[in-house]
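A.B. asks: Residues per chain are reported as follows:
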Amino acid sequence: MSSPQAVGDLVSQPYKYGFVTDIETEKIAKGLSEDVVRLISSKKQEPAFLLEFRLRAYRQWLQMQEPDWATLGYPPIDYQDIIYYAAPKQQAKKASLDEVDPKLLETFDKLGIPLSEQKRLSNVAVDAVFDSVSIATTYKEKLAEHGVIFCSISEAVKEHPELIERYLGTVVPSNDNYFAALNSAVFSDGSFVFIPKGVECPMELSTYFRINSGDTGQFERTLIVAEEGASVSYLEGCTAPMFDTNQLHAAVVELVVLDDASIKYSTVQNWYAGDENGVGGIYNFVTKRGQCRGDRSRISWTQVETGSSITWKYPSCVLQGADSVGEFYSVALTNNRQQADTGTKMIHVGPRTRSTIVSKGISAGRSANSYRGLVQIGPKAVGARNYSQCDSMLIGDRAAANTYPYIRSQQPQAAVEHEASTCRISEDQLFYLQSRGIGLEEAVSMMVSGFCRDVFNQLPMEFAAEADKLLALKLEGSVG
Amino acid sequence: MIRSDAPVLLEIRDLQARVEDKAILKGVNLTVRAGEIHAVMGRNGSGKSTLSKVLAGHPAYTVTGGSVTYRGENLLDMEPERRARIGVFLGFQYPVEIPGVSNLEFLRVATNARRAEQGDEELDTFAFEDLVRERLQVVQMDPAFLDRSVNEGFSGGEKKRNEILQMALLEPLVAILDETDSGLDIDALRIVAGGVNQLASPDNATLLITHYQRLLDAITPDYVHVMAAGRILRTGGKELALELEQRGYDWVDEELAALEAAAGRQPAEVA
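Line by line, the protein sequences give chains A and B. For the first sequence, my numbering assigns the number 1 to the initial residue and increments by one for each residue that follows. For the second sequence, my numbering assigns the number 1 to the initial residue and increments by one for each residue that follows.
Chain A on its own, in the form it takes in the complex:
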C-alpha cells in the first residue's frame, strides 16, 4: 500500500472535456497567404478598414521572427500546416437560441455552460464561441437596456464599426510581437464589450471558448472598453478536445479604461494539456494588455491557468492615468509535461500609480513553470508603488519552477517591493493529514487551496469554488 499507487488510483479522472462534437464544419485549405487573409475577411463580410488592418498586420508578420527567449521547448511550428478558418456550418448568427443548431447547444450544456433560457445562470451573460465563431450571446437585450454592448467582435464590426475602428489595435499594435501580428491578420472572432459613461454593468459577462476542430489554429480577439466612471467584471473560460497533435491558440485581448473606470478580467483556462507524455495539447500563446488611460482607473487580471501544453502569456497593464491601479493575480498549474512561462508587465507612466502582483506557480510531474514579470517605472511616475509576491509550490521531485523578475526604475521617488518563496508538498505532510482522518485527495486539495487562497479570493464568487475543484482534479497522480 505505497503512496504513489494510492495517489495514482486517486483521481484518474480523464480530461472530461476531451470529446469532439460531430457537426458540419466549414474549413478552408491549410496555409497562410495574403489570399487567405482576404478570404477570411470576405467570409466575414468586413468593411475596408478591417481588411486593411489585417493585410498590414500580415505584411508585418512576414518581416518578424518568432521569439525564442522563453524557458520553453517545442518543435518548430509549421505555419503553413494550419487551417486558419473553421466555422460550424450554421449560417448567420441566429436571432434566437431556438435557431441555433441543437448539437451546439448540447455541447455547451455538456461543458456546464447552459445557454437555453430555462437553464442559464441568471446573473451571468454568456457569449459562446465555438471554433472561434460566436454562436450565441445571452441577455443581449437586457444589457442593451443599460447601454451595455456585449456581442461578438464580428457582430460589433457590423453594428458598431466606429467603435472597433477607434479602439482595435490601440492597446496591442499589430507589430507588438510575432503572435499579435499573426492574430491581427487572421483573427476570427471573440467578444466585444462596451460600457458607456457612468454605467456599472448589471451582470457578470463571460465568454466561453470551445475549440472543436483539430488542425486549426485559434485566433480569438477580445476588446473591452469602459468609458468614464464605468465598470464591468468579465470572465473567460476555455476548453478543447483531446487531439494528439498540438494546436496553436494565439489570442489577443485589449482592455481600455477611461477616468474612474474599472475592468476586472478573470480567466479560468483549461485547454487540453496533452497526455502524461506530453503528446498533443494546446499551445496557448496570448497577448493580453490593458491601458489605464484615465485618472483613477483600474484594471485587474485574475487568471487560473491549468491546461494547455504550453502557456505563454503576460497579461499587462499600462498605467498612464494619474492614480491608476493595475493588479495581477495568478495561479498557474503545470503537471506531467506541461510548460508555462507566464507573468505580467506593469508599466508605470503616470504619477502615484500602483500595481500589485501575486503569482502562485504550482509545478507537478515533470513540468516546468516559470514566472516572468516586469515592473517598469517611468520618469514621470512620481510616487509610484509596486508590490510583487511570487510563490512556487513544487509537488514531487521532478518538477521545476523558475522566477525571472525584472525591475526597471527611472524614478527615484517610487517604491518597489518583491517577495518570493518556494515550498513543497511532501509525503510527510500528506501523511500527517491522512493520519488525522483526512483522505489523500482532500489533503492535497487543502494544501493547494491554502497556497492559492490569495488569488482565489479575487475570482468572482461563482468561479472560486470551481477553481478549487479544478485544481484538485488537475493534480491527478502528482504525488509520490
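Hints are computed from structural coordinates only; laboratory data are not their basis. Heads up, the beta-carbon is just placed ideally off N, CA and C, and yes, glycines get one too. There's no promise every hint is true.
Said to hold, decoys possible - No farther apart than 25 angstroms at their CA atoms in a straight line, the calculated lysine to any residue pairs in the SDA-like style are these:
hint, chain 1, residue 1, chain 2, residue 2
1, A, K469, B, D124
2, A, K110, A, T245
3, B, K22, A, E427
4, A, K44, A, E26
5, A, K264, A, Y387
6, A, K469, B, R82
7, A, K469, B, N112
8, A, K469, B, E79
9, A, K469, B, S102
10, A, K469, B, E105
11, A, K469, B, E97
12, A, K44, A, I82
13, A, K469, B, A113
14, A, K345, A, S409
15, A, K43, A, E26
16, A, K469, B, G100
17, B, K22, A, S426
What the hints assert, rightly or not - Partial pick of chain B residues on the chain A-facing surface, computed with a CB cut under 8 angstroms:
hint, residue
18, A56
19, P80
20, L90
21, I98
22, P99
23, V101
24, V109
25, R114
Take the given structure of chain A and dock chain B to it, following the hints.
C.D. replies: Structure of chain B alone, referenced to chain A:
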C-alpha cells in the same frame, strides 16, 4: 490500569516490516487492553518509531509478516485515514509544518471526519470553535495558535501540545505517542503529561514510545517493554524503566546476543 477482563483494543502478532530494503521489525508481539498505558523503550534504531509508523500506516514502510488487529479488525488492510477515523492516533515525534492550511480548519476537518465515523453530527465552524476553545485548556494553549498555519513557526513544545490538542479533539481509543517528550523543557513536559493523563480513561489505551524515564515519572505505565533489534525483548512493570535508567542499554545488547547465540545465529546488529 490493568484489568484482565478489559477488551483487547490492539493485538500485534509477530509483526515484521521493512523500509526500502532494510528489515526493521522482526517479530513484534504486543497486546493492549482498554484502560492500559504501555511504554515502549529502546535505543535509537531498535524499531520503536518504526512500530508506531507501521501502526499508523505510513506509506514508506512495508509489512512483510505478522498481523495487527484493532478491536478485532485487520488494521493493516486499512488506509491511514480510515485507521485515524476509527480511533487510532499517532502523536508524531517531529510534527510537520503545513504552511497555508489554517490550524483551526485542519482541526475541524479532522474532528468532523472522526465524528462522522462514529455517527455523530458534524460541527459547523461556530460549534467547532466552542469545542476547540474548551479543549485548548487541556494543553494550556493560546487561542492565537488556531489562526496560524498548522505547526508553522511553532516551537517544539508548542508542536507537541498541538498533537495532544488533536488527541483531545479526536478522542482516539488507541493513542500512540512517538517520543512525545523529546525536545521538551520541564514545563512543557508537565503540560503534555498532564494532558495525556487527563485524556486517559478506562475505555482507551496509550502507547508511549520513549527513551527516557522522566516521562514515566509523570505518566505511570502499566507495562514497560524493551525493544531491541526489531523485537520486544522484555516486558515488565514500571520498575523496568527505572532499571534501564540506572543500567543503560548495554545489558540489553548482551541479552540479545545471548538469545541469538542460543538460537544458533549470528548476533543481530543493533543499528
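A.B. asks: Any hints from earlier that this structure breaks? Give me their numbers in increasing order, please.
C.D. replies: The structure breaks none of the hints.
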